[in-house]
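Sequence lines, in order, name chains Z and W.
For the first sequence, counting from 1, position 65 maps to 65 in my numbering; every step adds exactly one.
For the second sequence, counting from 1, position 126 maps to 126 in my numbering; every step adds exactly one.
Keep in mind that a hint or two might mislead.
Copies of the same chain are indistinguishable here, so a pair counts whether it falls within one copy or spans any two.
Here are the simulated lysine to any residue pairs, SDA-like style, with alpha carbons at most 25 Å apart [unchecked claim]:
(1) K94 with P168
(2) K37 with N279
(3) K309 with R146
(4) K309 with P102
(5) K30 with G40
Just so you know, the hints here were simulated from the structure itself, not pulled from any lab data.
Number of protein chains: 2
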Amino acid sequence: MSTFVAVDIGGTHIRAAAYESDNITPLTHKRTRSHAKEPGTFDRLVQVIESAWPKDRSVEAIGMASPGPLDPLTGVVLATPNIPEWINFPVTEKLSAHFGVPAYLDNDANLAALGEWKFGAGRGHHDVLYLTISTGIGGGVIINDRLLHGYHGLAAELGHVVVLAGGPTCSCGFEGHLEALAAGPAIVRYVREQLEAGVRSELSSVNNLNALEVAEAAKRGDALARSAYERAGEYLGIGVASFLHAFDPSIVIFGGGVSRSGPLLFEPFEASLRAQVFNSRYLENLVITTAALDDDAGLLGALALAQMKQSNQ
Amino acid sequence: MSTFVAVDIGGTHIRAAAYESDNITPLTHKRTRSHAKEPGTFDRLVQVIESAWPKDRSVEAIGMASPGPLDPLTGVVLATPNIPEWINFPVTEKLSAHFGVPAYLDNDANLAALGEWKFGAGRGHHDVLYLTISTGIGGGVIINDRLLHGYHGLAAELGHVVVLAGGPTCSCGFEGHLEALAAGPAIVRYVREQLEAGVRSELSSVNNLNALEVAEAAKRGDALARSAYERAGEYLGIGVASFLHAFDPSIVIFGGGVSRSGPLLFEPFEASLRAQVFNSRYLENLVITTAALDDDAGLLGALALAQMKQSNQ
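Isolated chain Z, as found in the complex (with noise of 0.2 Å):
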């Protein structure tokens, strides 16, 4: 039996939880507020990392989710914009120097992605593409049971691909990406659009809508919030077809807030990717469908991460 430490910095809590072997259920699980903007994350990361360490076993390795960008090669967290004070900080070496056993980095995004290929709605698959989408995009991609890092652990960054050239400006900066086209704050902002442009809808009475909001308003019969998943998803679609068409995985996994709105965002999705896939031949046997882990896929992707290392050593 070998114990594992998993921890997952989350946008408000640093979670630490220790697991036996593949036994998803934790022997011990903890959380702090991540008050990531404030000094002393490595130190409130050190406790809740202590809080949750096992007394009575040896512990094998910490694994760990982050934020990127940050390198997985070499753990380096590079410039998370959650966290101000890491700049090129070297997070899994500092664990290691504390704790004294090794520890393993991946961005969330990437170790969600193993996590459900490993625990959850992914097992049994070979190619797996994962998708969160919440107020942005990211992207895990696994080809022949192994995670897709690249040259430099920059890949997978499937938020940030063109699917509109000159089209609206993504959180990066840059125009036409599909984050900027079919994330949370792209609904909302197409709502604001019409509104400014007269379209009528219940929402022009609401102050700082967000995209649960939308989502409430088209179930009750909102045409313009209707239409603004609608048009997340045509995009969507557009942007699942070139996936398919550069990795031609056997599953999509979607996971992250917006995706638990159902058919609002599914049904419009579906019809764009079958209506966009240029080679029926993808669809076959194509599995689309929800993560199955929720908030733990940080955790348990953490999990397999130093799991699957140790055993490579």
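On the provided structure of chain Z, position chain W as indicated by the hints.
Leaving out everything else, chain W in the frame of chain Z:
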């Protein structure tokens, strides 16, 4: 010493060559016109292989490059537009039965990528993006020293990735694909559209325009011809930036006729690529180059395929 026979089915010729181990100078090399629209392509294929078959050596396997779509996993040509009589045609099974040795198949762009990686411009790289630009755009991707195939064997169809949703119609019938914006016919189409719109150019007097004539006019200073290549280069930069974000290769290799147009295409391409990459780290140590094997890329890729398959037996 192992001997292999490599075959390349091109638009105008079928070629076959015998190679000894890793020596890329063939022992024998034969070609015949493919007359691919006429019946009897398989018989012509067998004849040219027989004529290239080395008399005094034992051949270990046959490797074959063909236009797709095809299934590299089963060796079946699905429905290549160039050879109307080959519908779900089990070419490797038939070759193997005739010649009594294993036969392996992959598409021409994948094998050009494999050939460049093993014998050409990509030697020493582990993560390769290969694009061939001529009347279409084909792709081949190598990840961790392995050709990317995907679940159905249809991965890396990079000409058919959407970069401008709702944009011009591609040869495949779908809209906004990279091929419809940056391949030879896209360059010609743009010139025609601009001529029809009244733009002046020396090309207005040319019938049956092709991309090479546009290139020659551009080199003589024709403004419309130059702008057609600039536009193609700009879209190519947008597409390749997305491919860096998706695959993060250490080298991008360009093959095909249009890639021989030099700075006309590659100056605007590189400017566009640099302007579109959303994190400059993708460009660190990135090599951008043209193919080294020219017309032999398919044959040498077929050789590499046969060698690799036999060594994995």
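Notebook entry, point to check: Looking back at the numbered hints, which does the structure fail to meet, lowest number first?
Noted result: 1
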